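There are 2 protein chains.
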Amino acid sequence: MKNRFLSLIAAIILCTAGFSQTIADDFKPSTLNQPGQEYPQVNSQGYVKFKIFAPKADSVKVTLGLGGRGGTRLTKGTDGFFTGVTEGPMDEGFHYYHLIVDGGVFNDPGTLHFYGSTRWESGIEIPAHDQDFYALKNVPHGNVQQILFPSPSTNTSRRAFVYTPPGYEKDKSKKYPVLYLQHGWGEDETAWSNQGHANLIMDNMIAEGKIKPFIIVMTYGMTNDVKFGGMRNFKIEPFQTVLVDELIPYVDANFRTIAKQSQRAMAGLSMGGMETHTITLNKPEVFGYYALLSGGTYNPTEIKDKSNVKLIFLSCGSKERPDGVKNAATALKEAGFNAVSFVSENTAHEFLTWRRSLKELAPLLFTN
Amino acid sequence: MKNRFLSLIAAIILCTAGFSQTIADDFKPSTLNQPGQEYPQVNSQGYVKFKIFAPKADSVKVTLGLGGRGGTRLTKGTDGFFTGVTEGPMDEGFHYYHLIVDGGVFNDPGTLHFYGSTRWESGIEIPAHDQDFYALKNVPHGNVQQILFPSPSTNTSRRAFVYTPPGYEKDKSKKYPVLYLQHGWGEDETAWSNQGHANLIMDNMIAEGKIKPFIIVMTYGMTNDVKFGGMRNFKIEPFQTVLVDELIPYVDANFRTIAKQSQRAMAGLSMGGMETHTITLNKPEVFGYYALLSGGTYNPTEIKDKSNVKLIFLSCGSKERPDGVKNAATALKEAGFNAVSFVSENTAHEFLTWRRSLKELAPLLFTN
Numbered sequence: 001m002k003n004r005f006l007s008l009i010a011a012i013i014l015c016t017a018g019f020s021q022t023i024a025d026d027f028k029p030s031t032l033n034q035p036g037q038e039y040p041q042v043n044s045q046g047y048v049k050f051k052i053f054a055p056k057a058d059s060v061k062v063t064l065g066l067g068g069r070g071g072t073r074l075t076k077g078t079d080g081f082f083t084g085v086t087e088g089p090m091d092e093g094f095h096y097y098h099l100i101v102d103g104g105v106f107n108d109p110g111t112l113h114f115y116g117s118t119r120w121e122s123g124i125e126i127p128a129h130d131q132d133f134y135a136l137k138n139v140p141h142g143n144v145q146q147i148l149f150p151s152p153s154t155n156t157s158r159r160a161f162v163y164t165p166p167g168y169e170k171d172k173s174k175k176y177p178v179l180y181l182q183h184g185w186g187e188d189e190t191a192w193s194n195q196g197h198a199n200l201i202m203d204n205m206i207a208e209g210k211i212k213p214f215i216i217v218m219t220y221g222m223t224n225d226v227k228f229g230g231m232r233n234f235k236i237e238p239f240q241t242v243l244v245d246e247l248i249p250y251v252d253a254n255f256r257t258i259a260k261q262s263q264r265a266m267a268g269l270s271m272g273g274m275e276t277h278t279i280t281l282n283k284p285e286v287f288g289y290y291a292l293l294s295g296g297t298y299n300p301t302e303i304k305d306k307s308n309v310k311l312i313f314l315s316c317g318s319k320e321r322p323d324g325v326k327n328a329a330t331a332l333k334e335a336g337f338n339a340v341s342f343v344s345e346n347t348a349h350e351f352l353t354w355r356r357s358l359k360e361l362a363p364l365l366f367t368n
Numbered sequence: 001m002k003n004r005f006l007s008l009i010a011a012i013i014l015c016t017a018g019f020s021q022t023i024a025d026d027f028k029p030s031t032l033n034q035p036g037q038e039y040p041q042v043n044s045q046g047y048v049k050f051k052i053f054a055p056k057a058d059s060v061k062v063t064l065g066l067g068g069r070g071g072t073r074l075t076k077g078t079d080g081f082f083t084g085v086t087e088g089p090m091d092e093g094f095h096y097y098h099l100i101v102d103g104g105v106f107n108d109p110g111t112l113h114f115y116g117s118t119r120w121e122s123g124i125e126i127p128a129h130d131q132d133f134y135a136l137k138n139v140p141h142g143n144v145q146q147i148l149f150p151s152p153s154t155n156t157s158r159r160a161f162v163y164t165p166p167g168y169e170k171d172k173s174k175k176y177p178v179l180y181l182q183h184g185w186g187e188d189e190t191a192w193s194n195q196g197h198a199n200l201i202m203d204n205m206i207a208e209g210k211i212k213p214f215i216i217v218m219t220y221g222m223t224n225d226v227k228f229g230g231m232r233n234f235k236i237e238p239f240q241t242v243l244v245d246e247l248i249p250y251v252d253a254n255f256r257t258i259a260k261q262s263q264r265a266m267a268g269l270s271m272g273g274m275e276t277h278t279i280t281l282n283k284p285e286v287f288g289y290y291a292l293l294s295g296g297t298y299n300p301t302e303i304k305d306k307s308n309v310k311l312i313f314l315s316c317g318s319k320e321r322p323d324g325v326k327n328a329a330t331a332l333k334e335a336g337f338n339a340v341s342f343v344s345e346n347t348a349h350e351f352l353t354w355r356r357s358l359k360e361l362a363p364l365l366f367t368n
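Chain order of the listed sequences is A and B.
For the first sequence, my numbering begins at 1 and goes up steadily by one.
For the second sequence, my numbering begins at 1 and goes up steadily by one.
Read the hints as simulated data drawn from the structure, not as lab findings.
Don't take each hint at face value.
Note that the list lumps identical chains together, so a pair holds whenever it fits in one copy or between two copies.
The calculated lysine-lysine pairs, modelled on DSS-like cross-linking and capped at a C-alpha distance of 30 Å, are [said to hold, decoys possible]: (1) LYS212 to LYS172; (2) LYS76 to LYS212; (3) LYS170 to LYS212; (4) LYS174 to LYS56; (5) LYS56 to LYS260; (6) LYS28 to LYS333; (7) LYS170 to LYS260; (8) LYS174 to LYS260; (9) LYS170 to LYS283; (10) LYS235 to LYS137; (11) LYS235 to LYS310; (12) LYS170 to LYS51; (13) LYS28 to LYS235; (14) LYS170 to LYS304; (15) LYS28 to LYS260; (16) LYS76 to LYS51; (17) LYS260 to LYS319; (18) LYS212 to LYS174; (19) LYS210 to LYS333; (20) LYS333 to LYS260; (21) LYS76 to LYS56; (22) LYS56 to LYS210; (23) LYS49 to LYS235; (24) LYS260 to LYS210; (25) LYS326 to LYS49; (26) LYS333 to LYS49.
These numbers come from a predicted model, not from an experiment.
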């Protein structure tokens, strides 16, 4: 009996140890900190340590932590700094967060800002084991340029960012296919460069000879201000008009594009996937390649003319609903489509899923 | 005696009224607010109203207010919001600020962020009577593109932003002069586009036929990390090497520039003016046009070969030291230089001074 009791105790200790590992003391400033800022810091296991100066505050909480457990409550020291470490390691990749200081929402003064959740949020990067594919390397770099294109339908000049691959400025006769790449709900046209490193992913793959160069165009997809009404009031028409009738003709007129359906792709993450789904079905004559990143699936019966579709790419993180994506791709393949699914291991509805998705998608584009 | 007493009272009332004008009740959200954010607001007189949610905080202060009076202390309401109005009207144009919440430095969650003071700060725009020259209008727009150029001297790829004028993508044979345009201390290569609207100033002047199109290149000037050591430890060599030996050759190789001294200008604001001063003197064979915006002056005796210098432009705000700028320009003219001074009325060491300076400078560039 005593032995069994001791075994039980041992099992409890082992079990507890399994959940609360020793936190490695190798914290380093996050790569997304503002210049010169020491905090927040990340360790080799993915724990995050915060340090916030607010000497007269009663409470500082961080919305980053384990899902459903309500983030990380910091502890006040006698020096006026609030400090704390996340309860567990965070998933690899990029995460949005903010502080709650005495009940008010503020950003961490240590970090850069990233537009998400319809506001500029704090961001942190947990180094991923495969981070090399989106690292800034000593390879030829493409440019990301802000364009302001006329939009009669919204009565203003609208902003887009255009990635032109390395060499674009040199060979003045070469023309390129174009990927129109959309952000998710609450984000904007800065997301794929800032959070996604789309330009670096492209630069690296081009340098390695894994893809043929193409142009990427990123613009704002929440044209009808769904951000404040929520997705329920979403209508596709305002954005579809901006994209198809205004932006694409502008890009084709001002950049060296191959301006035809078979050399034009549309992809989007999350809400951007929903937009991609709807617009590609509405305008099969405009896009030849479709990609939904954590953004739903296509049903084979939705697509009228199979011959128009060069590729359907469906992806998500393994912590989302990977079976939905895989099953949809299987059904599409059985119906005769060139469909590919990709599941990002150990990631959720976050940007590492989408960086990896872009890396998987890019070599499949404009090959047919 | 009673009459004299009443007169005195009346005088005091009038005097007080003179200092505290009636605050017009026409506050509108600042144009630099994040999408959908109602606060901060600005009225037609230039007063700013703040509203910050921090229900459990004891004190919220804003570092925006009248010079030397320590900003604006907000008052807590029963609804958990701190509100307040600046003690007086602010100067026209752009201002940096931040909040102090219970002793900690945070940004206003209502505003966009602008890099200044070596951190991303809150920003506000007081509409200027002459704001039309930097407004987003329905005219052809140039692009602002991020480039990543190799920098062996700093062992990394460095970032610059390049403004290419409208039409750059169309006429593939046309070549352009280049202005290298530097930010001030604590700012970075984003400042001239974000805070300065350099691209819109150019677009508007080109549309009005006031200037011939040229390229603008903006990169980071605090190469040797003076931001944390202060200006005392500033050395020009690291930045001069990046600019002259790395960035200029890259721009000349990758953009359609007229790659010669007489078609290359350097300008900078504040610390960027100090850099411009030093580098143009060190490298007279590289730049033909020099401009210091709130960034010091040239002494005629500093310049060895007068024939190299096409233009010296000196400017500042009327609330800085306008006589220094005017007298220096006079001395330069007397010494035979093509020198021009400009004083921005009713502005201090802030971005409206520099936006106006760029507007005055641009028509004078590349004309000789």
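Original post:
Between the shortest in-copy and the shortest cross-copy C-alpha distance, which are at most 30 Å for LYS333 and LYS260: within, between, both, or neither?
Top reply: Cα proximity of LYS333 and LYS260: one copy only (25 Å, versus 59 Å across).
Subject >> Copy assignment of LYS333 with LYS49, given that the CA separation must stay at most 30 Å >> reply: neither (46 Å within a copy, 59 Å between copies)
Subject >> Intra- versus inter-subunit Cα pairing at 30 Å for LYS235 with LYS310 >> reply: So LYS235 and LYS310 pass the 30 Å test inside one copy only (27 Å; across, 56 Å).
Subject >> Alpha-carbon proximity context of LYS76 and LYS56, limit 30 Å >> reply: Both: 10 Å inside a chain and 15 Å across chains, each within 30 Å.
Original post:
Checking LYS170 and LYS283: alpha-carbon separation at most 30 Å within a copy, between copies, both or neither?
Top reply: between (34 Å within a copy, 28 Å between copies)
Original post:
For LYS174 vs LYS56, is the C-alpha pair at or below 30 Å within one copy, between two copies, both, or neither?
Top reply: neither (61 Å within a copy, 61 Å between copies)
Subject >> Intra/inter-copy verdict for LYS212 and LYS174 if alpha-carbon distance must be at most 30 Å >> reply: Answer is both: 12 Å inside a copy and 28 Å across each meet the 30 Å cutoff.
Subject >> Homomeric proximity label, LYS56 with LYS210: Cα distance no greater than 30 Å >> reply: Neither. Shortest intra-copy (55 Å) and inter-copy (54 Å) distances fail the 30 Å Cα cut-off.
Original post:
Between copies, within a copy, both or neither: which fits LYS170 and LYS304 at Cα up to 30 Å?
Top reply: Classified as neither; 41 Å inside a copy, 38 Å across copies.
Original post:
At most 30 Å between C-alpha atoms: does LYS28 with LYS333 qualify within a copy, between copies, both, or neither?
Top reply: Neither: 46 Å inside a chain and 55 Å across chains, both beyond 30 Å.
Original post:
How would you label the pair LYS49, LYS235 (within, between, both, or neither) given a Cα cut-off of 30 Å?
Top reply: Classified as neither: same-chain Cα gap 42 Å, cross-chain 35 Å, threshold 30 Å.
Original post:
Is the C-alpha distance from LYS170 to LYS260 at most 30 Å within one copy, between copies, in both cases, or in neither?
Top reply: This pair counts as both: shortest intra-copy Cα distance 23 Å, inter-copy 20 Å.
Of the numbered hints listed earlier, those contradicted by the structure are 2, 4, 5, 6, 12, 14, 15, 17, 22, 23, 25, 26.
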